[in-house]
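Participant: Starting from the given sequences, assemble the full structure and let the hints guide the process.
First to last, the protein sequences are chains A and B.
At position 109 of the first sequence (counting the first as 1) the number is 109 in our numbering, and the numbers step up by one without a gap.
At position 105 of the second sequence (counting the first as 1) the number is 105 in our numbering, and the numbers step up by one without a gap.
If you're looking for bench data, these hints aren't it; they were derived computationally from the structure.
Check the hints yourself; a few may be wrong.
Partial list, derived from the structure: chain A residues whose beta carbon lies under 8 Å from chain B [what the hints assert, rightly or not]:
hint, residue
1, ALA16
2, ALA19
3, VAL20
4, ALA22
5, ASP90
6, LEU93
7, ASP96
8, ASP97
9, ARG100
10, ASP106
11, THR123
What follows is a set of in silico ranges between Cβ atoms, one per label pair, in the way DEER data are often shown [unchecked claim]:
hint, chain 1, residue 1, chain 2, residue 2, range
12, B, PRO161, A, GLU110, 57 to 63 Å
13, B, THR222, A, ALA69, 21 to 27 Å
14, A, PRO50, B, THR92, 48 to 54 Å
15, B, ARG148, A, ALA156, 39 to 45 Å
16, A, ALA156, B, GLY75, 56 to 62 Å
17, A, SER112, B, THR113, 52 to 58 Å
Cβ-to-Cβ under 8 Å is the rule here; a few derived chain B residues that face chain A [unchecked claim]:
hint, residue
18, GLN18
19, TYR147
20, LEU330
21, GLU339
22, GLU364
23, VAL366
Backbone N, C-alpha and C define an ideal beta-carbon position, used for all residues, glycine too.
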Amino acid sequence: MTGGAADAPGPGSAGAQAAVLARYDELASLLGGMDDRPGADPGLTAEAAPVLLHEARLLDAGRFEDWLAGWTSDAVLWLPLSARAHPGTDQSLLLDDRRRLAERVDWRREPSAWGQNPPSRTTRVVGSIEAWAAADGLVARSSFLIDEYRHGRHQALAGYQIHELVGDDLRRRTKILVVPALGTGVRNPSFLL
Amino acid sequence: MTAIDSGTVPPDFDYLVQPHRVHRRIYTDPQIFDLEMTRVFAASWCYVGHESEIPAPGDYRTTTLGLRPVLMTRGRDGAVNVLLNRCTHRGTVLAGESSGCAKRFVCPYHGWTFAPDGQLVAIPFPADHAVEDRSTLSLGRLTTATYRGFVFATLNAEPEPLDCWLGEAREAFDTIVDRHPGGDIAVMGSPHLLEFLGNWKLSWDNAADGLHATFAHESYNTLGEMVDTETVLARDPGSTPMVSKALRNGHMVVDQRPGIPQGPWATMRRVPFREPLESALVDAGEESLLDLATGSMINLSLFPNLLFVGNQLLVIEPVAVDRTRLQLWLTSAPGAPSEIDLLRLRVDEDFVNFGTPDDLDMFERVQRGLSIPEMEWIDMSRGLPDSDAADGDATIYGPITSEAPQRRYLAHYAKLMTTPAATRAL
Ligand code: FES
Ligand SMILES: [Fe+2]
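Facilitator: What follows is the structure, encoded as structure tokens:
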């Protein structure tokens, strides 16, 4: 903690840091608590499925602007390097807020972003969907397989994703992608979203 | 196809590595790669890990030295050991996890048991086993030395002392460590691992390449324009006062500090969660510490396997002649306010996500280009002739567009390959 600021919490100082840590803790417990959840809620699972499948279709089609529009203003996309990670103590591949997500979409459109020019062509298979009730929406876990084709080669990565979807239109507030192969070394993973 | 390309001609490194050009074969020939695993990676000091990763007796971490699986352990006496991760019975790799804490290493195959310092302490059913002297069956032990907590090891039979081997590189090394409060730098666990389909030396050709940022990283620089940040890479490489240095033993330095008088933090764009953490430091009157959240703006490369980039350590692991793994370790500043490490986590994602993919793509493109047998040479002549520094040390200075660092490390490489140092059998 920063000395001096501790006794005067408020916006812009220690209170602001606490808010960051609270969001990080929320992410870590969403990830860390996933395996302890009971069986899913069938109705919510049915509600979550088309949202998850639609997202996968948008990403595979390269419709990144449409994809960006489906996030809340306090959005976080997190790719930890392991399922035991915490965003405040462990390196991640990425942890994007809404502003960074917008930059990332711009980057995907930038011809000199050589890591994605030519762009990866991806095929996602999303399955094993489960969902549970959460404040103002639902939390869903699903497994995925992504096949990436680029520069005449392909690589396939499997993993699972956790979505926190909120509001009547089930916008993405949180998405966590867990890709075990990141722990062994993958080639240019910049197609992962 | 020329004879030199066939792989049947013993490599002549005076021919393959010339002052102004380099032959493609050193990047494509599996026979040369095999020689490198001994003549470079066994004969040089190599970075293994940092003491902060193994604070308690029994803590260990695995890595490779060349292709050899090795273990860095902390013994019961508190000393750091670097051992071959190979059972002396029939060769089984002992520790399968990348890190952990073990009082003893028990081989999963037949139960031979080793202490963290490598001594064989137990053999099951010893009655019918004729071993007289167990001490001859200790784990293979590498010569180990540390500098500022960084652990290096070698199989060289008569290694130059680590301090001498580092030589002039110690100045940049000390600067990087000493900017941490109390000189206290630590390495976080769980590296980020990336692979590329290219030779390991491609990352060396890139490490002190001040010219490529303008082109290969153009998108990193324009991404910064979205929020009016002039990233450090956006400077004109032809007229910047930044300087590159080619040091003895293949080490290299690019000092970007002269090109950013307003300090590193001013070059950092709005990474996620920046503002609340930044304002907490500003409100506490510790604004001057913000530069600690970015790198030192000195790229230090210690041949053959350690690069300091930003606040990360990049460890270069050769996998095959055309395949390389990069370990990216994040350093922390235990003596600084907690906001610094929280910022570092997000700051180092910036380049890894929007810069590193460019480099990975260039490495793979170069490797594919070098597959053409009829085009034999890589041009490395930019900035020739090289001139030694006026003060007569062994350092060559140049503008960051000079390829002097590449020439110098490759000359060192050629020397290692031509006159192999004796390495120890274990
Ligand atoms: S190989 Fe290790 S005990 Fe047999
Ligand atoms: Fe680069």
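Participant: For each hint given before, does the structure comply? Return the numbers of the non-compliant ones in rising order.
Facilitator: Checked against the structure, the hints that fail are numbers 4, 11, 12, 16, 18, 19 and 23, while the rest are satisfied.
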